[in-house]
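Dock chains W and Z against chain D, hints included.
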Amino acid sequence: MHHPQAASRTDAAQATSDILVRLRARAPRVHCVTNAVAQSFTANVLLAVGCVPSMTLSVEEIGSFVSGAQALLVNLGTFDAERRQATAIALEAATTNKVPWALDPVFVERSEARAAFARELIARRPAVVRLNHAEFATLADAVPSRDATMSYARSNRTVVAVSGETDLITDGQRIASISNGHPLMSKVSAMGCAGSAVLAACLAVETDALRAAIAGLAIIGVAGELAAERSSGPGSFAAAIIDAVHDLEPATLIARTRIN
Amino acid sequence: MHHPQAASRTDAAQATSDILVRLRARAPRVHCVTNAVAQSFTANVLLAVGCVPSMTLSVEEIGSFVSGAQALLVNLGTFDAERRQATAIALEAATTNKVPWALDPVFVERSEARAAFARELIARRPAVVRLNHAEFATLADAVPSRDATMSYARSNRTVVAVSGETDLITDGQRIASISNGHPLMSKVSAMGCAGSAVLAACLAVETDALRAAIAGLAIIGVAGELAAERSSGPGSFAAAIIDAVHDLEPATLIARTRIN
Amino acid sequence: MHHPQAASRTDAAQATSDILVRLRARAPRVHCVTNAVAQSFTANVLLAVGCVPSMTLSVEEIGSFVSGAQALLVNLGTFDAERRQATAIALEAATTNKVPWALDPVFVERSEARAAFARELIARRPAVVRLNHAEFATLADAVPSRDATMSYARSNRTVVAVSGETDLITDGQRIASISNGHPLMSKVSAMGCAGSAVLAACLAVETDALRAAIAGLAIIGVAGELAAERSSGPGSFAAAIIDAVHDLEPATLIARTRIN
Numbered sequence: 654m655h656h657p658q659a660a661s662r663t664d665a666a667q668a669t670s671d672i673l674v675r676l677r678a679r680a681p682r683v684h685c686v687t688n689a690v691a692q693s694f695t696a697n698v699l700l701a702v703g704c705v706p707s708m709t710l711s712v713e714e715i716g717s718f719v720s721g722a723q724a725l726l727v728n729l730g731t732f733d734a735e736r737r738q739a740t741a742i743a744l745e746a747a748t749t750n751k752v753p754w755a756l757d758p759v760f761v762e763r764s765e766a767r768a769a770f771a772r773e774l775i776a777r778r779p780a781v782v783r784l785n786h787a788e789f790a791t792l793a794d795a796v797p798s799r800d801a802t803m804s805y806a807r808s809n810r811t812v813v814a815v816s817g818e819t820d821l822i823t824d825g826q827r828i829a830s831i832s833n834g835h836p837l838m839s840k841v842s843a844m845g846c847a848g849s850a851v852l853a854a855c856l857a858v859e860t861d862a863l864r865a866a867i868a869g870l871a872i873i874g875v876a877g878e879l880a881a882e883r884s885s886g887p888g889s890f891a892a893a894i895i896d897a898v899h900d901l902e903p904a905t906l907i908a909r910t911r912i913n
Numbered sequence: 654m655h656h657p658q659a660a661s662r663t664d665a666a667q668a669t670s671d672i673l674v675r676l677r678a679r680a681p682r683v684h685c686v687t688n689a690v691a692q693s694f695t696a697n698v699l700l701a702v703g704c705v706p707s708m709t710l711s712v713e714e715i716g717s718f719v720s721g722a723q724a725l726l727v728n729l730g731t732f733d734a735e736r737r738q739a740t741a742i743a744l745e746a747a748t749t750n751k752v753p754w755a756l757d758p759v760f761v762e763r764s765e766a767r768a769a770f771a772r773e774l775i776a777r778r779p780a781v782v783r784l785n786h787a788e789f790a791t792l793a794d795a796v797p798s799r800d801a802t803m804s805y806a807r808s809n810r811t812v813v814a815v816s817g818e819t820d821l822i823t824d825g826q827r828i829a830s831i832s833n834g835h836p837l838m839s840k841v842s843a844m845g846c847a848g849s850a851v852l853a854a855c856l857a858v859e860t861d862a863l864r865a866a867i868a869g870l871a872i873i874g875v876a877g878e879l880a881a882e883r884s885s886g887p888g889s890f891a892a893a894i895i896d897a898v899h900d901l902e903p904a905t906l907i908a909r910t911r912i913n
Numbered sequence: 654m655h656h657p658q659a660a661s662r663t664d665a666a667q668a669t670s671d672i673l674v675r676l677r678a679r680a681p682r683v684h685c686v687t688n689a690v691a692q693s694f695t696a697n698v699l700l701a702v703g704c705v706p707s708m709t710l711s712v713e714e715i716g717s718f719v720s721g722a723q724a725l726l727v728n729l730g731t732f733d734a735e736r737r738q739a740t741a742i743a744l745e746a747a748t749t750n751k752v753p754w755a756l757d758p759v760f761v762e763r764s765e766a767r768a769a770f771a772r773e774l775i776a777r778r779p780a781v782v783r784l785n786h787a788e789f790a791t792l793a794d795a796v797p798s799r800d801a802t803m804s805y806a807r808s809n810r811t812v813v814a815v816s817g818e819t820d821l822i823t824d825g826q827r828i829a830s831i832s833n834g835h836p837l838m839s840k841v842s843a844m845g846c847a848g849s850a851v852l853a854a855c856l857a858v859e860t861d862a863l864r865a866a867i868a869g870l871a872i873i874g875v876a877g878e879l880a881a882e883r884s885s886g887p888g889s890f891a892a893a894i895i896d897a898v899h900d901l902e903p904a905t906l907i908a909r910t911r912i913n
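Chains as they are written, first to last, in the numbering used here: chain D, 654 to 913; chain W, 654 to 913; chain Z, 654 to 913.
There could be a bad hint or two in this list.
The list cannot tell twin chains apart, which means a pair is met if one copy fits it or any two copies do.
[Claimed, not checked] Cross-link-like lysine to any residue pairs, in silico, SDA-like; alpha carbons within 25 Å at most:
1) Lys-840 - Asp-861
2) Lys-840 - Ala-881
3) Lys-840 - Gln-826
4) Lys-840 - Glu-882
5) Lys-840 - Asp-671
6) Lys-751 - Pro-903
7) Lys-840 - Arg-677
8) Lys-840 - Gly-721
9) Lys-840 - Asp-900
10) Lys-751 - Ala-766
11) Lys-751 - Glu-713
12) Lys-840 - Ala-678
13) Lys-840 - Gln-723
14) Lys-751 - Val-705
15) Lys-840 - Ala-741
16) Lys-840 - His-786
17) Lys-751 - Asp-671
18) Lys-840 - Ser-885
19) Lys-840 - Arg-883
20) Lys-751 - Arg-675
Keep in mind that the hints were calculated from the coordinates and are not lab data.
Isolated chain D, as found in the complex (with noise of 0.2 Å):
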């Protein structure tokens, strides 16, 4: 992390594995306003890394499953009238529990009326926006350049954690650069969105939003890696990540957690 402040790559690598130790210790819950396609890959993504997933999206109930969650994830993925209304109820019950949240701001490229939702949202302040460089190009009219994230991320007073092949995470004071991941992660549906959710979970177990987020880009990158060297292609790769986000060693993720 380049900032005066900012602690050394050692001992990001170092805030990551002790965040990954905490989740599987704590077994956070962690409520999820996803898209249906993402729903049950989430779920076993956030259950391997030891939280407890729920997803209910009825306006009856969510409100109490966030007042009593310990991180919420918003994903856009698909914006019906049923996850606009229940993200307004689950915001709520989030803004009044100081339950934190992510924002993933799925295709807002793709549709004017999903990124004015996006925005009203990213001006609730979320702890984290997530997002690829199309949606970061949509929603703040720029490339991501570092200068422009960093800039995005103060004038919304948020974390911005863009991915791509290196991400970028900051915090519009400090930012760094992880470069963790592999090709076959973009052939998997939802991939993103799980680890948006892993990075929510993130979220309930650090209060330093940067942190929480380059722990969660660094946990499902390693876990890409290890995974490829044990599949043949997508579809053994998918559960495979599963399995190395299971296993995955604190030493592990220290050592191959590429950061800067």
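Just chains W and Z now, kept in the frame of chain D:
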């Protein structure tokens, strides 16, 4: 099973095996009102055991789907308006056509509205209520001891199957315990839901609901043990248990069922 | 293909291989209106074959998603109000923007309302209708013989692809049969739906809908055969067929396609 009229341990294992053989021979259709997270995994487990799954929740269709089915599962995993309405129609069709049904009151401990709905459904006399300790405690207001489960079964005139490290199954007169299964089963989303679907399937080929419930839990539990031997984590385990259900030999099932 | 103008067996296999190569080169986006059980598996199969899946059903978004897509699949697997409405908007966008589409009228034999809706959709001229024997019998009121399928294709001015142990594909003038596939394919939920999605994808890169339908069925059938060689049951098979689709070599596809 501890009761004067109860069959011996060997007889119970044999009955379980007979039920598996009948499932494969008759390929009953099992309609599932289940949560979005569980639908795909549940369908694949039902296919693997030899059944035909159907899953529609559409109010225009579910009546005719249930009327022609051989068993019904009602799972409360996502308790939304669509599923509540679908459940009402499904139960009317099941009652009229004498389609046996099982109830899985998922997460009733997390929402009073859900618990109230579960109580209404239990009053409509499912053949089996399958639930875990926390769910039983919420609905029965008691720890799931042998006495408490038998009492609850008697007063609700249903078979109660409480799953845990040891499963307890009782119709209020007879009681059995099953000690099959593997810890990885709790690391796969929808594993319990899929197990309840197998249990519902057994009701399609066995009129003694206690026997059917025992068979359902034994089949999935033994398959879980076999799958764990071939897995390297929860991701590969989720695929391996489907393979194991599909390949389960009656002789293996008899040999490995740990029933008391 | 038995017709004076029909290409030879070798030409048809070569055309299939060319379509696969174009899919990977162009990475078309395929929008799917499909059932909840099938969404995740379908998305993963489309990713494996080189496409970009999109799945939203939101009435506010689906129009713009379909307008920008290269092909559309309409699958009736869960025939609810949301999907009926989504289908209406999707077809309007497809017609306006000349996006080719395929129809998979799942389970029309189980519900008259569903069959009636399927007939309305067929009147709107899908490029291909892909269905099984029971579904064809319901819609065409005839056993799917070569004559009956050709006649149905002619009178509905569409390509008909009837899947079974041998698939029949006809545009009313030309007819071909494909004998690829493996029995395990019928043991995986949504396998047919995913196959129809691959078929729809082929329409994105091949204007001859008969050729596209043949390619779609051959690709998934050959992948199924290859996957079966590496599987130990339907669970591992579901992952292995995704691997096989992803790794399918054009030369292997040509060598193994059994077309007549």
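Taking the hints in turn, this is what the structure says about them:
In this assembly of identical chains, the alpha carbons of Lys-840 and Asp-861 never lie at most 25 Å apart, being 31 Å within a copy and 28 Å across copies at closest. Taking identical chains as interchangeable, the C-alpha atoms of Lys-840 and Ala-881 lie at most 25 Å apart whether they share a chain (12 Å) or sit on different chains (21 Å). Proximity of Lys-840 to Gln-826 under the C-alpha cut-off of 25 Å is found in neither arrangement, the shortest distances being 33 Å within a copy and 38 Å between copies. With identical chains, the CA atoms of Lys-840 and Glu-882 are at most 25 Å apart both within one copy (15 Å) and between copies (23 Å).
In this assembly of identical chains, the alpha carbons of Lys-840 and Asp-671 lie at most 25 Å apart only when taken from different copies (22 Å versus 30 Å within one copy). Taking CA atoms no more than 25 Å apart as the test, Lys-751 paired with Pro-903 passes in neither setting, with 29 Å inside one copy and 53 Å between copies. Proximity of Lys-840 and Arg-677 under a CA criterion of 25 Å is satisfied inter-copy only: 13 Å between copies versus 28 Å inside one chain copy. In this assembly of identical chains, the alpha carbons of Lys-840 and Gly-721 lie at most 25 Å apart only when taken from different copies (21 Å versus 34 Å within one copy).
Proximity of Lys-840 to Asp-900 under the C-alpha cut-off of 25 Å is found in both arrangements, the shortest distances being 22 Å within a copy and 12 Å between copies. In this assembly of identical chains, the alpha carbons of Lys-751 and Ala-766 lie at most 25 Å apart only when taken from different copies (24 Å versus 28 Å within one copy). Taking the shortest Cα distances, Lys-751 and Glu-713 sit within 25 Å of each other inside one copy (20 Å), while across copies they are farther apart (32 Å). Proximity of Lys-840 and Ala-678 under a CA criterion of 25 Å is satisfied inter-copy only: 15 Å between copies versus 31 Å inside one chain copy.
Proximity of Lys-840 to Gln-723 under the C-alpha cut-off of 25 Å is restricted to the inter-copy arrangement: shortest distance 19 Å between copies versus 30 Å within a copy. For the identical chains of this complex, Lys-751 and Val-705 are intra-copy neighbours only, at 19 Å inside a copy versus 37 Å across copies, given an alpha-carbon limit of 25 Å. With identical chains, the CA atoms of Lys-840 and Ala-741 are never at most 25 Å apart, being 31 Å at best within one copy and 30 Å at best between copies. In this homomeric assembly, Lys-840 and His-786 come within 25 Å of each other (Cα to Cα) only inside a single copy, at 17 Å, whereas the closest approach across copies is 33 Å.
With identical chains, the CA atoms of Lys-751 and Asp-671 are at most 25 Å apart within one copy only, with a shortest distance of 23 Å there and 54 Å across copies. Taking the closest pair of Cα atoms, Lys-840 and Ser-885 come within 25 Å of each other both inside a single copy (12 Å) and across two copies (22 Å). In this homomeric assembly, Lys-840 and Arg-883 come within 25 Å of each other (Cα to Cα) both inside a single copy, at 16 Å, and across copies, at 20 Å. With identical chains, the CA atoms of Lys-751 and Arg-675 are at most 25 Å apart within one copy only, with a shortest distance of 19 Å there and 51 Å across copies.
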